[in-house]
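Peer 1: Under this note's numbering, read the sequence shown as residues 1 to 255, first letter to last.
Treat each hint with caution, since some may be false.
[Stated by the list, open to error] Label-pair ranges, simulated between beta-carbon atoms: (1) 231 with 32: 43 to 51 Å; (2) 74 with 7: 40 to 48 Å; (3) 31 with 174: 17 to 25 Å; (4) 105 with 226: 36 to 44 Å; (5) 15 with 130: 23 to 31 Å.
[What the hints assert, rightly or not] The list that follows gives simulated cross-link-like pairs (lysine-lysine, DSBU-like), each with its CA atoms no further than 30 Å apart: (6) 157 with 88; (7) 228 with 70; (8) 70 with 88; (9) 26 with 228; (10) 33 with 88; (11) 70 with 157; (12) 70 with 33; (13) 26 with 88; (14) 157 with 228.
The hints are simulated quantities; they were obtained by calculation from the structure and are not laboratory data. Built from N, CA and C at the ideal position, the CB exists for glycine as well.
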Amino acid sequence: MPSRELQAALDAAQAAAQVIRGLYQKNLAVRTKEDQSPVTEADVRAEETIRAILSERFPSYGFYGEETGKHALGAESVWLVDPIDGTKSFVRECPFFSTQIALMRGGRFVLGVSSAPAYGELAWAEAGAGAVLNDRPIRVSAIADLSAAIVSTGNLKTMARSAQWARLGELIGRISRIRGYGDFVHYHLLARGSLDVVVESDVNILDIAALTVIVREAGGIFTDLAGKDVTLDTTTVLATNGRLHEAAAAALSCR
């Protein structure tokens, strides 16, 4: 049985999915925010829907939303929400976008829901309870050698401008296969054992908070590129099946 918090997050994700499906492929107007990221009516309405459900059930919890900002971040428990992670994909009618809902308690991410209504996947996890994808328990791969690993990358602009770019190139030369699934897709694939390492250098915590819980509960390790724990300030990712984490970190000189 899911906890009351997980059930609330799942209900909120389902309600948001109904909003998003109703507006997908409708040629919505796109507004550019101050940070140059796009926003549509679907983003705003989906977040309003999510916040209404979570706030009604847990009125004392804080809320950090992509569209409505930060509220009561000093609370012991705080919801983190990105109603449409991948708005550019949504606008261009590409199904690689998702709703991300996480719960942070005492500075630790303890619950995550990743809902991709157009792609047809729903993943969730709660600390200590394992990870689930489309109602089936999932587990990371058992690959233990980089030569057999599949690596996926996304959002690499910062890395491309740094000396670490050459080290990534060297790592690619050692692995079995390189892909660039990006967004929620490669984290779902990692958590279910279909690939082994994810590398990103330009992310927002709202993009990855829920996925952090899902990957960890599936048996993986999720840190930043320096090997540090994920926090509200994290902007880079090294996520692996666990067995490859030290080797991947060493190859990228993350530590």
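Peer 1: Which of the numbered hints above does this structure break?
Peer 2: Structure breaks hints 1, 2, 3, 4, 9.
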